[in-house]
Amino acid sequence: MRIHDPRSWRLPLAAILTTIMLAGVAPAAAADEAADLLMRMAEAMLSQAYEGTLVYEHGDHLESLAIVHGHIDGQEYERLRVLNGEPFEVIREGDKVTCVWPAERRMLEDQRPGDLPAPQPPRDLRSLPQHYAAELGGTARVAGREARILRIAGEDHYRYGYRMWIDRETGLLLRSDLVGRDDSVYERIMFTHIEPLDTVGRERFRPSLEGEQYSRQANPSADSTRLEDPEWETTGLPPGFRLVSHQNEAMPPHGEAVQHSVYTDGLASVSIFVEPAGTDAMPLRGLSRMGAVHAFGHEIDGHQVTAVGEVPAATVRQFGLGVQRR
Amino acid sequence: MASKTESMTGDEALSALVDGELGALTRNRIVGRLLEDPELRARWARYHAGRASLEGAEPGLLGPGFSERVAAAVSAEPPVRASGRLAGVRRPLWRRGGAAIAAAALVAVVTAGGVVALRGGIFESPASGVAATAPDTVVAAGGDAVPIVSGTYGDGLGPAEQERVRQRLTVYLNSHNRFADADEMPNVMPSSRLAGFNADP
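Read top to bottom, the protein sequences are chains X and B. Start counting the first sequence at 1; every next residue gets the next number (this note's numbering). Start counting the second sequence at 1001; every next residue gets the next number (this note's numbering).
These are computed hints drawn from the structure, not numbers from a lab. Fair warning: this is a prediction, and the values are worked out from it, not measured in the lab. Misleading hints may appear alongside valid ones.
[What the hints assert, rightly or not] Incomplete in silico selection of chain B near chain X, CB under 10 Å:
| id | residue |
| --- | --- |
| 1 | R1168 |
| 2 | Y1172 |
| 3 | L1173 |
| 4 | S1175 |
| 5 | H1176 |
| 6 | S1192 |
[To be verified] Far from chain B, by Cβ distances over 12 Å, these chain X residues were calculated:
| id | residue |
| --- | --- |
| 7 | A30 |
| 8 | E57 |
| 9 | S176 |
| 10 | E187 |
| 11 | S269 |
| 12 | P276 |
| 13 | P283 |
| 14 | G309 |
Glycine is no exception: its CB is placed at the ideal position from the N, C-alpha and C atoms.
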């Protein structure tokens, strides 16, 4: 009769247990490091003053933009100017957004409605939204600065992933690619030059237009009211998406009330617009694509439904087809 | 007999390219030289940055490392003249961009010996309601991939109808970006989208 010496399997068992533990600890540490980096980036993009130039590539468009960002009296300011083609700029001052067409001497002011949630400070990104996974990559140089690469993968066909190049010194986001599951790039932002600033003056956020000779108007879509009991709802949401807000908007150019619902999975968002059919001579039917942004439109029960978001086509289609009267 | 570009010095040709003074054929030849000559690309970037400075842009706008892509974009664009634009005549951005991205695709193929994957349509019928919609792409050096297909608006519409749908979609996009950034990760993407989609309304 053969008797096993208990000590004979202690060594292999210890090795196996150690391997299992290390296999568990290493990814956990890497995930923590990735989350730390993401948190640092989010905080830096909100709090850091900086200026620079960047390239924004979306679909068949390529825009060169100049940006300056900072805080004045506790309020976040940002000015973004398009440098190629027709002059255009966007100025954010807290919740107020002003679009400026200098050549036409025209400004459009837009204010986030007071009863809607204001932009939130960075939440705890240590636990990434469900259906996403983060992975740390190597290092690279962007805009002459050392960057750490972070990959955030969408875990199904309903969302894109992100590749981010984050400045090792400041935490600023130097480059961001919105990528599909096959690593195709749908949208890209990349700084070609960036300069952290200690302070930034109010004069940096003045629009290019000066004097009185320009037209200034408020965006009618800013006349929004929050809906507590919306007439339309979306069923069969793609996994991970949740409702953020319902509101009625007076949508240009017809000025009719449009129900606007916003959904998010924590990183990407989708808007659903429902309005009486017939207000538009050329309503959207089927799918459209503009870089990373997809849109899907169809008519239901005498109403035009349009789903728009920086998500794959399958996602906006599912949202659009899921809209029904409550 | 030497052609006009062959008789020009590199600097003259670059200057003419940046100033939009070359015809299409000549422009394409210069771009071809840019693709083959890194030193020429670097000089082109400096020229363009210089002109951008004169027009009020920061000199750091177009670094040499980004010259291939932007060279293609500029080569495909008509010259922008501050005082010469016809009132009321606007060329839709997506049309200008279409030529630019085609040139960018050419750049990627030539420089990287990349693979062009073309399919008949952008959207494929989803299986069981869910499908990945991979774009047509050019795979460039370093694993980067750039979309090369123009924006497509609606199903089965002609160019004029697509343009009307595009204008309508811009209204939806503005509203979407205005509300959507409240819950997103802080970055410059929403503002850039706002700028990108409104630059040529």
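The hints, checked one at a time:
1. R1168: holds, 6 Å
2. Y1172: OK, holds: Y1172(B) within 10 Å of chain X, min 5 Å.
3. L1173: This hint holds: L1173(B) lies near chain X, its Cβ roughly 6 Å from the closest one there, short of 10 Å.
4. S1175: holds, 5 Å
5. H1176: holds, 4 Å
6. S1192: Holds - the Cβ of S1192(B) comes within 10 Å of chain X, reaching about 4 Å at its closest.
7. A30: holds, 20 Å
8. E57: violated, 7 Å
9. S176: violated, 6 Å
10. E187: Incorrect as stated: the minimum Cβ-Cβ distance to chain B is 8 Å, not above 12 Å.
11. S269: violated, 4 Å
12. P276: holds, 15 Å
13. P283: Contrary to the label, P283(X) does not stay out of reach of chain B, its closest Cβ about 8 Å off (not over 12 Å).
14. G309: At about 7 Å from chain B, G309(X) fails to clear the 12 Å cut-off, so the statement is violated.
Of the numbered hints stated above, those contradicted by the structure are hints 8, 9, 10, 11, 13 and 14, listed in ascending order.
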